[in-house]
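If you read the sequences in order, they're chains A and B. First residue of the first sequence: 1, per our numbering; consecutive thereafter. First residue of the second sequence: 1, per our numbering; consecutive thereafter.
What the hints contain is simulated information worked out from the structure, not anything from laboratory work. Don't take every hint at face value.
Claimed, not checked - List of simulated lysine-lysine pairs, PhoX-like, C-alpha gap at most 20 Å:
#1 B/K173 to B/K197
#2 B/K197 to B/K183
#3 B/K108 to A/K149
#4 B/K190 to B/K68
#5 B/K127 to B/K226
#6 A/K104 to B/K53
None of these values were measured; they are calculated from a predicted model.
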Amino acid sequence: MARSLWATRAASYLRINVPCRGFATVLKDLKYADSHEWVRVEGESATVGITDHAQDHLGEVVYVELPEEGSKVEQGASFGAVESVKATSDVNSPVSGKVVEVNKKLSDSPGLVNSSPYEDGWIIKVELEDDSDLPCLMDPERYTKFCEKEDASR
Amino acid sequence: MRGPRSIEIWKMGAVNYLEALKLQEKLTSDRKTHKIKDTLLSLQHPPTFTLGKRRTVHNVLVSEAELKAMGAELHYTERGGDATFHGPRQVILYPIISLRDIGTGARKYVENLESTMIELASLYGVKARAGETGETGVWVGQRKIGAIGVRISSGITSHGLAFNIDPDLNYFKHIVPCGIPDKEVTSLQKEVGLGQKLPSEQVIHEQLVSCFTKIFGYTDVTWRDKTSVSSDGNE
């Protein structure tokens, strides 16, 4: 257990995706919402997806409902949904702005959300309204503790 | 260390599908804003066909006009899952609960809904099992006895499960149930034997609810008779 914990933290630090179970991957350079979405901010653009913790708890994703390119998203509001095990789960935006690109690969390969939640499984790219939303989001350490606390309340 | 879990059970009788949908929307919103605690609706519907978010209309084998002619409605919903039928003698449970409060994700939630129906079936000596990957639901052999279709919005659940006590199974011939062709639909009555008398529907509803509260670990359970409730939640 201690060795896998070290390996996961090292992987997190080095931004490597590790297919580990029992401890979900959390990447160092991302920000996180308490509804388990991540955002990678690069200047005025942001890429959004769902976390490894989220995809693990969802099960195999069979469908992703994507928003229209050009539509607006608002922090904390739903912009789409994923379906797994006969359950549709809303996906909320961690930031506000305009959708400039959606990951069309998810229409044919929704499972990318499970196999590569932080890379190939990205969901939307957003042109940020401003960066005032970002302080509300969690950093990787806080998000990791948040997940641990949530899982412990089972 | 978690404290006692509370839930309020609404016993509702027969409810029109759209009325139940509007009520769930209101309760989901109230649960999100902490105006209410976890709530479970126990009811049945008049003959109703429904589709999920993916709108798999190809799995409805007759036209909407033909469905109307047989006295049924068709509704498009935001839940997961494929085409299904609801009707008299089928128990419906719609849990409006906060998954975040119990640290549970969609997969575990659905597994627990499956376990709820499996447990109920076992009370009658019927050995049911959860579906394999891609066949979520509850099966007796290759025959489907219980269906699941759920919506999760900001961690709050709506829609839920449907368990066949003794509905008119002919209705299922007009759809590809759950999008899985060549699989039969069954009922508790069929599985215990048509000659065997089951207790009243009310008893079976209550038993299913008890299986649910046990599996989900609710210790503080309040029952409310809501047979005269309208879609805005008022009596």
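Could you grab the alpha-carbon distance between B/K108 and A/K149 and see if it respects the 20 Å cut-off? Measuring from Cα to Cα gives roughly 17 Å; hence the hint holds.
Restraint check for A/K104 with B/K53, where alpha carbons must lie at most 20 Å apart: holds (18 Å)
Taking only the CA atoms, is the gap from B/K197 to B/K183 under or equal to 20 Å? Violated. B/K197 to B/K183 sits at ~26 Å, over the 20 Å cutoff.
Keeping to a limit of 20 Å between CA atoms, is the pair of B/K127 and B/K226 held or broken? violated (32 Å)
Straight-line Cα separation of B/K190 and B/K68 no greater than 20 Å? violated (27 Å)
Given the proposed pairing of B/K173 with B/K197, does the C-alpha separation stay at or below 20 Å? violated (25 Å)
In the structure shown, a violation is registered for the earlier hints numbered 1, 2, 4, 5, in ascending order.
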